[in-house]
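Participant: Below, each chain spelled out in residue letters.
Protein chains: 2
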Amino acid sequence: MTTKSYPETDRSTLRRVKELGTRERAEVHAILDAGLICHVGVAIGGQPFVIPMAYGRDGDRLLVHGAIASRLMKHLRGGGEACVTVTLLDGLVVARSGFSSSMNYRSVVLFGKGRPVEGEEEKARALDIVADHLIPGRSQEYREHLSKELAATEVIEIPIDEASAKARSGPPHDLEKDLELDIWAGVIPLTLTPGEPEPSPDLPAGIEVPASVRKWPERG
Amino acid sequence: MTTKSYPETDRSTLRRVKELGTRERAEVHAILDAGLICHVGVAIGGQPFVIPMAYGRDGDRLLVHGAIASRLMKHLRGGGEACVTVTLLDGLVVARSGFSSSMNYRSVVLFGKGRPVEGEEEKARALDIVADHLIPGRSQEYREHLSKELAATEVIEIPIDEASAKARSGPPHDLEKDLELDIWAGVIPLTLTPGEPEPSPDLPAGIEVPASVRKWPERG
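Listed in order, the protein sequences are those of chains A and B. With the first letter of the first sequence counted as 1, position 170 gets the number 170 in this note's numbering; the numbers rise by one all the way through. With the first letter of the second sequence counted as 1, position 87 gets the number 87 in this note's numbering; the numbers rise by one all the way through.
Check before you lean on any hint, since a few could be wrong.
Pairs involving identical chains hold if they fit within one copy or between any two copies, as the list cannot separate such chains.
[Claimed, not checked] Heads up, simulated DSS-like pairs for lysine-lysine below, C-alpha to C-alpha not over 27 Å straight-line:
(1) Lys215 <-> Lys4
(2) Lys148 <-> Lys177
(3) Lys148 <-> Lys74
(4) Lys113 <-> Lys4
(5) Lys74 <-> Lys113
(6) Lys215 <-> Lys148
(7) Lys113 <-> Lys177
(8) Lys4 <-> Lys148
(9) Lys74 <-> Lys4
Since the hints were derived computationally from the structure, they do not count as laboratory data. If you're wondering where the values come from, they're calculated on a predicted model, not measured in any experiment.
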C-alpha cells in the first residue's frame, strides 16, 4: 500500500520545531535522492555507533553495502535496528544574534531493521542501484560484478516506512528589535560542486570521459 | 596530559581497512576543524537516533547546543553515551568495476559521554566557539547573548579523548587485469562551495558584508 505520508510513530514524531518537518513520502524521497552519503546509526550493547556510508534508494527500500566482516553489517544482517540520517547542507544563516544564527538544510531521519539482500542477481542489482545513485548511469559502464566480489560484499536493505524530513531555507529570523542594529544579516549559500574529472594515472590514452561523469553536475 | 595519539579502545579500534585509519590527535583535530556539521548518535532504550548538528571544538572538547526541551539534549545532559561522526566528502572514485568504486573522504568518529556546560558566561563562550567554528570571527560581530536566550539553550560538551580518523584519497585501485579494459576511471572531485552572500530582505540599506562573511571561502 502506498500512502502519501509515512505514519507517525513514537520515534518518528517530530518533536522540535514542528513547522519545519514533514512525513510526506515525496519530500522524503526527494531528499534521499539528492544526498550522496548517509549516516547509519546502530546501538550495539547500548553503545551507539554512527558510520558514514554510500547508499541507494529502490522504491521504499534503502540499500547500503559493506564488507561481510564488518561489525555494522553483521548487526544489520541480524535484523538490528538502524537509524539512517541523510543531511544536505544548503547554507549558513547569518543572524544579528547567535541565538537566531542557523543553517539551511534538508534532512531525512528514518528508522528500520536491516535485512540481507541474498542471491547473486539480487545483490548485483542492489549494488548497481547504489552505484547509479552516486553517478547516474555508471552501472552501464563498469564491467560485470565477479562472483567472488559479490560473495565478499554484504548488501543490506532497510525499509523506508518510518521516516520524516526536516528542512530550513531562507533568511534569518531575527528579533524585531534587532532589525535596526547596524549588523549584517543574510545567508551564505553552500553547494557541493564537482571539479574537473581527474583521469586515473593508469588510464590508457584515448579513453574519453564517459557520459555518466560528464553529465554528473546535472544529477541533482 | 596531551599525547600525540588517542588511546586504542575496544569501540575505537579501527576494524576495517586499517591502513586508512589513524588515532593521531592532529589528524582528528584537522578533520573536526574542517567540518561544518556532525552527526550525533545516541541510544535511548536501545533505539539508535542520529541527528545532524552544528558543533565547535575547544581544545579536547566538542561543543554542541540545542533547545533545553530536546530529547537528545536531555539524554546528553544526563551523561548519556554519544557517538559523534564528522564526514567530509572529497570526491567520487570512478573505477572500472563496481567493487573498486569508492569515495574520497575524511571522517572522524568519537565516543564520549555528554556533560552540560553551566553558567551564563561559560555557555555564552561555548556558543561563540560554535558560531566561530561555522563562520570564523562571527561572534565578534553579532550582538551579545540575552540571558533568556542562554537559559533556553542547552550546551553540551563531549570530551574528545576516544576518537579515530579515517580518510581515502587518490585514484581508484582497480584489479590489475581490469587496467586494460576500455573503461574510463578516475575521480570526480567535490567541494562545498560558497555562493555570493545573500543579504536578508530586512537588512537596512548601507550595511556592508562583514569580514567574517567576505572571508568565509578561506576558512578551510
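Participant: Each of the hints needs a verdict: does it hold here or not?
Facilitator: Status of each hint after checking the structure:
1. Proximity of Lys215 and Lys4 under a CA criterion of 27 Å is satisfied in neither setting, with 31 Å inside one chain copy and 44 Å between copies.
2. In this assembly of identical chains, Lys148 and Lys177 lie within 27 Å of each other by CA distance solely across copies; the values are 15 Å between and 66 Å within a copy.
3. Proximity of Lys148 to Lys74 under the C-alpha cut-off of 27 Å is restricted to the intra-copy arrangement: shortest distance 19 Å within a copy versus 47 Å between copies.
4. In the homo-oligomer, the alpha carbons of Lys113 and Lys4 lie at most 27 Å apart inside one protomer (22 Å), although the nearest pairing across protomers, at 39 Å, exceeds that limit.
5. In this homomeric assembly, Lys74 and Lys113 come within 27 Å of each other (Cα to Cα) both inside a single copy, at 12 Å, and across copies, at 26 Å.
6. For the homomeric pair Lys215 and Lys148, neither the shortest alpha-carbon distance inside one copy (31 Å) nor that between copies (50 Å) is at most 27 Å.
7. For the homomeric pair Lys113 and Lys177, neither the shortest alpha-carbon distance inside one copy (48 Å) nor that between copies (38 Å) is at most 27 Å.
8. When the C-alpha separation of Lys4 and Lys148 is checked against a cutoff of 27 Å, the pair qualifies neither within a copy, at 41 Å, nor between copies, at 40 Å.
9. Proximity of Lys74 to Lys4 under the C-alpha cut-off of 27 Å is found in neither arrangement, the shortest distances being 33 Å within a copy and 33 Å between copies.
Hints 1, 6, 7, 8 and 9 from the list above are not met by this structure, while the remaining hints are.
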